[in-house]
Amino acid sequence: MFLKDYISDVYKGFTSLLKGMRKTGYYFTHSKEIITEQYPDNRATLKLADRFKGEVIMPHDQNNEHTCTGCTACELACPNGTIKIITKFDITPEGKKKKAIDAFIYRLEMCTLCNLCIAACPSDAIKMSPNFEHSVFDRSKLTKILNKPGSKIKEGIE
Amino acid sequence: MYNQTDIIKDTTDLGPDGELVVNMGPQHPATHGVLHLVVTLNGETIKKIEPHLGYIHRSIEKMCESLTYRQFIYVTSRMDYLSSHINNTACALLVEKGMQIEVPERAKVVRTILNELTRIASHELWIGAMAMDLGAFTPFFYAFREREMITDIMEDTCGARLTMNYIVPGGLMYDIHPDFQTKVKAFIKQFKEKVTEYEDLVTGNVIFQSRTKGVGVLTAKDAISYGCTGPVARASGVSCDIRKIAPYDAYDRVQFDEIIETAGDSFARYIVRVKEMNQSIRIIEQLIDNIPEGDFVGKTKNVLKLNKGEFYQRVETARGELGVYIVSEGATTPYRIKFRSPGFSNLSVLDHIAKGSKIGDLMATMGTLDLVIPDIDR
Amino acid sequence: MLSLENITKTTQEWLLTKFSPQMALTIECVIVILLCITLFAVLGLVLVLLERKVAARIQIRLGPNRVGPGGIFQTAADTLKLIMKEGLTPDSADKFLFNLAPFVVMMVAMLLLAPIAFAKNFQIWDINIGVLYISSVSSLSVIGILMAGWASNNKYSLLGAMRSGAQIVSYELSAGFAVLTIVVLTGSLRISDIVASQQNGWWLFKGHIPVIIAFILYIIAVTAETNRAPFDLAEAESELTAGFHTEYSGMKFALFFLAEYINIFIVCAIGATLFLGGWMPLHVGSWVGFNHFMDYIPSSVWFMGKTFFLIFLIMWFRWTFPRLRVDQLLNLEWKYLLPISLFNLLLVTVVAIMGWYF
Amino acid sequence: MTNEAIKEYITAHAPEATYDETGEWLNIVVEANQLKPLANVLYGQPMQLDFLFCLTCVDYKTQLTMVYHLTASTNRNMNIVIKVNLDRSNPVIETVLTIWRTAEFHEREVFEMFGVQFTNHPDLRKLILEDDFKGWPLRKDFEDPINMIKL
Numbered sequence: 001m002f003l004k005d006y007i008s009d010v011y012k013g014f015t016s017l018l019k020g021m022r023k024t025g026y027y028f029t030h031s032k033e034i035i036t037e038q039y040p041d042n043r044a045t046l047k048l049a050d051r052f053k054g055e056v057i058m059p060h061d062q063n064n065e066h067t068c069t070g071c072t073a074c075e076l077a078c079p080n081g082t083i084k085i086i087t088k089f090d091i092t093p094e095g096k097k098k099k100a101i102d103a104f105i106y107r108l109e110m111c112t113l114c115n116l117c118i119a120a121c122p123s124d125a126i127k128m129s130p131n132f133e134h135s136v137f138d139r140s141k142l143t144k145i146l147n148k149p150g151s152k153i154k155e156g157i158e
Numbered sequence: 001m002y003n004q005t006d007i008i009k010d011t012t013d014l015g016p017d018g019e020l021v022v023n024m025g026p027q028h029p030a031t032h033g034v035l036h037l038v039v040t041l042n043g044e045t046i047k048k049i050e051p052h053l054g055y056i057h058r059s060i061e062k063m064c065e066s067l068t069y070r071q072f073i074y075v076t077s078r079m080d081y082l083s084s085h086i087n088n089t090a091c092a093l094l095v096e097k098g099m100q101i102e103v104p105e106r107a108k109v110v111r112t113i114l115n116e117l118t119r120i121a122s123h124e125l126w127i128g129a130m131a132m133d134l135g136a137f138t139p140f141f142y143a144f145r146e147r148e149m150i151t152d153i154m155e156d157t158c159g160a161r162l163t164m165n166y167i168v169p170g171g172l173m174y175d176i177h178p179d180f181q182t183k184v185k186a187f188i189k190q191f192k193e194k195v196t197e198y199e200d201l202v203t204g205n206v207i208f209q210s211r212t213k214g215v216g217v218l219t220a221k222d223a224i225s226y227g228c229t230g231p232v233a234r235a236s237g238v239s240c241d242i243r244k245i246a247p248y249d250a251y252d253r254v255q256f257d258e259i260i261e262t263a264g265d266s267f268a269r270y271i272v273r274v275k276e277m278n279q280s281i282r283i284i285e286q287l288i289d290n291i292p293e294g295d296f297v298g299k300t301k302n303v304l305k306l307n308k309g310e311f312y313q314r315v316e317t318a319r320g321e322l323g324v325y326i327v328s329e330g331a332t333t334p335y336r337i338k339f340r341s342p343g344f345s346n347l348s349v350l351d352h353i354a355k356g357s358k359i360g361d362l363m364a365t366m367g368t369l370d371l372v373i374p375d376i377d378r
Numbered sequence: 001m002l003s004l005e006n007i008t009k010t011t012q013e014w015l016l017t018k019f020s021p022q023m024a025l026t027i028e029c030v031i032v033i034l035l036c037i038t039l040f041a042v043l044g045l046v047l048v049l050l051e052r053k054v055a056a057r058i059q060i061r062l063g064p065n066r067v068g069p070g071g072i073f074q075t076a077a078d079t080l081k082l083i084m085k086e087g088l089t090p091d092s093a094d095k096f097l098f099n100l101a102p103f104v105v106m107m108v109a110m111l112l113l114a115p116i117a118f119a120k121n122f123q124i125w126d127i128n129i130g131v132l133y134i135s136s137v138s139s140l141s142v143i144g145i146l147m148a149g150w151a152s153n154n155k156y157s158l159l160g161a162m163r164s165g166a167q168i169v170s171y172e173l174s175a176g177f178a179v180l181t182i183v184v185l186t187g188s189l190r191i192s193d194i195v196a197s198q199q200n201g202w203w204l205f206k207g208h209i210p211v212i213i214a215f216i217l218y219i220i221a222v223t224a225e226t227n228r229a230p231f232d233l234a235e236a237e238s239e240l241t242a243g244f245h246t247e248y249s250g251m252k253f254a255l256f257f258l259a260e261y262i263n264i265f266i267v268c269a270i271g272a273t274l275f276l277g278g279w280m281p282l283h284v285g286s287w288v289g290f291n292h293f294m295d296y297i298p299s300s301v302w303f304m305g306k307t308f309f310l311i312f313l314i315m316w317f318r319w320t321f322p323r324l325r326v327d328q329l330l331n332l333e334w335k336y337l338l339p340i341s342l343f344n345l346l347l348v349t350v351v352a353i354m355g356w357y358f
Numbered sequence: 001m002t003n004e005a006i007k008e009y010i011t012a013h014a015p016e017a018t019y020d021e022t023g024e025w026l027n028i029v030v031e032a033n034q035l036k037p038l039a040n041v042l043y044g045q046p047m048q049l050d051f052l053f054c055l056t057c058v059d060y061k062t063q064l065t066m067v068y069h070l071t072a073s074t075n076r077n078m079n080i081v082i083k084v085n086l087d088r089s090n091p092v093i094e095t096v097l098t099i100w101r102t103a104e105f106h107e108r109e110v111f112e113m114f115g116v117q118f119t120n121h122p123d124l125r126k127l128i129l130e131d132d133f134k135g136w137p138l139r140k141d142f143e144d145p146i147n148m149i150k151l
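Chains as they are written, first to last, in this note's numbering: chain A, 1 to 158; chain B, 1 to 378; chain C, 1 to 358; chain D, 1 to 151.
Mixed in with the good hints there might be a few duds.
[What the hints assert, rightly or not] 25 Å max Cα-Cα, derived SDA-like pairs, lysine to any residue:
#, chain 1, residue 1, chain 2, residue 2
1, C, K95, C, T241
2, A, K12, C, N200
3, A, K47, B, R161
4, B, K301, A, K47
5, B, K47, B, A263
6, C, K53, C, F73
7, B, K358, C, Q328
8, A, K47, B, F141
Since the hints were made in silico from the structure, they are not lab data.
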């Protein structure tokens, strides 16, 4: 009885090992199963999810106009002080003073990409961009001013 | 109940000479992160394990005291980063409970599906890492291949792969991706095909079985006393699934089994997790075709203020019971917040169950406790 | 025909015409040493690359593919890196033994090359106790490992070295018994005789059950003896970080690394010699045309082909199985492999005495 | 057991206990020296609250309040919260480690974060912070000049 158990032990152990080897052998011989993505080589064909949260950007249209009113809702919504808005007062042609942004400072190095600023924005002035290649040699380059120089607010946005 | 003198002996008895004190971690291949174990050895046999925590302590509880109820959710993704969706759900549920926000059905169902996907992803990673702890490298890659499909689904819908921050008080941050259902179905199909590979490579393997069976045995009494939850406690025969005890989101309308094993050893913990993945697939299959139409977020005020009082919300993460305890003074920020993390309690049992076994057993035991260090340190 | 046999013969004749016999022998020794070292370097580079490629294919990856076409210069680049690295010696280490250990391990591996028949009549030293020589010298490598583990003054290293000691001493037995099976059948310890006995068929393919069992035992035992997964307890990176070579860096680490692969090569070469006919080409019964065609393939290619097949087998093990625990490792040897080996030896002795073999 | 029955049962053992039912679960407030006997009572028959799933402390600026969340492993819907108010200048309380082993780590955490002294705790050392850390970080008056906490 003991001998029988002993032999069946050896047999079972042996077959279980062979089963595993069959599986790995299958993958060894089937090169189409390889899943490696050769990242820097496939940059041209890289398909990112359109919602991927890579960084915050401020879209500008062809007239170099954005829709940010400088309401600082995003600044308040941000959990770690990533966004700082510096406002100025523009003089409209009618001679009225109008609040506008001077600089929309965005610190990518502090950003956790939580999307709360975009959710808080009432005028859809900022959005997430799927760009993820952020590495730079100098950390100060990660502090960005999102509004382009000379841009102004789009007509009709309050 | 324990005898006071026994406990004191437990923690101070170092025994006669000849012991070797080895620092495992904070940089060690098997501690998965920055856990620091001071292991006292007698030859190969473990005499005492003393965890030293805090290498990734960020004082999340203190941080949350200065964050609003919308903001503090993102921090919780960084606790147990493998079940960040579930952590976020816990916080959102708590805020909803505190403010009586009505959550739309669509949001509830999507949350449940995402939570289960997160659970599968977490267990997949765990299987890979566990096999690697025991010296088998290859299952890690096979497990990650399936996990990659889940992270792709997450990326499509939530915009992030690990720290989603997709769940907000009242529902979801934005609606699910149009391809969500087809992608999830494709995942279920592939998962069912490939799950047998683990059977061949890991579960059935005689070496794996002999490494885990009878190793790190945790009795039901100790599991309860040490506050173990999740698969660790369920492998010891303790029923503790919060999804059954206090159903949240859409768990009250789906059929699934709570997996309970009685052996309490490392192999039982392994089996519980593997079977749990199949139950998660079952839950997703029931819900994926029945996502109700409608809003994805309920009506909430701009500024969230919890009612004065104390609130406690439990959810079942991949590692066990996550409790969020908030003391609110009626302000926009929590007065005191406490995260009862599953890993913290599960870690405390390590010394108890690994004592007297070999170094190799420590890897099996630690692996099956499924420790995520940021979750323990918070 | 240009073959290795002719080259050696002509070289020797040429040397004897130019120099005195003693001088010729000295020059031959120098040539052999240089060839050995070259073989070491080449084998190290090839085997490490092979391992990485095999691992990658099994793990559905591509593996090294950046340095050179298909990554073939990857290991050369790695070696360059290791040479450039600073070789640190821990402050409290036993400096002499610490620095000696890699060379001991390396020298043992080198000594083992002597009796291996790389091709027809191409052998450094056809000693009449070839098999005995191999099994006795190969057990010396544990000294280097113990030396490294002890001298490092590191607890992980010490644990790894102790495990390795226990492991190699036990598995030496099974490997020895497996080798003995073939010795019983051939009646000779000389490597060339063993190869010659497989003229009309390799031992493994002759269909003797004891030989098949011995082959399996041999593969398991030598996997353990060379500290390869699933028996890599001496290194066991998830338990002991790197085991006995935790404290080694730079070239000294590279020597350990190299010695591991050379050891694999050697045990596989011996396995090929004993069970798969060494440099003998594959002959099938009365298929004259087929046999004739097989003879055209050079004997060194046959030998290398068989050896690399066994090496691949051992790599396949490594990337499939989890690691055993230290007590299970010893259990496996003393409770399973040793009784089976003894029984097998008994069986083969009966077969040999009764003359039931061909 | 209903809340009324529980209250009745506890009053029989700890007459000074006060109750608060405004929250989700029944809160029991006791004095520090009564905690251990009460815990023993709750752990035993018939309540069998053998699962301490959360142990923490809250700094109310006037006092520290230890909060114990208890439940029964056989009946997870029976949840009880025990609260103990402690003197803020000298918070001392007896450990419940002998009843629920999970308290060992949780009490060490509370000790280092709030400075609550647990008597009879066999190994009351800092668990997360480094050993020479000064101050009790989760108290409301904790100021850290180096690491910014508030934005």
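Tested hints:
{"no.": "1", "hint": "C/K95 with C/T241", "verdict": "holds, 22 Å"}
{"no.": "2", "hint": "A/K12 with C/N200", "verdict": "violated, 35 Å"}
{"no.": "3", "hint": "A/K47 with B/R161", "verdict": "holds, 15 Å"}
{"no.": "4", "hint": "B/K301 with A/K47", "verdict": "violated, 37 Å"}
{"no.": "5", "hint": "B/K47 with B/A263", "verdict": "holds, 23 Å"}
{"no.": "6", "hint": "C/K53 with C/F73", "verdict": "holds, 12 Å"}
{"no.": "7", "hint": "B/K358 with C/Q328", "verdict": "holds, 11 Å"}
{"no.": "8", "hint": "A/K47 with B/F141", "verdict": "holds, 22 Å"}
In summary, the structure is inconsistent with hints 2, 4 from the numbered list given earlier, while agreeing with the others.
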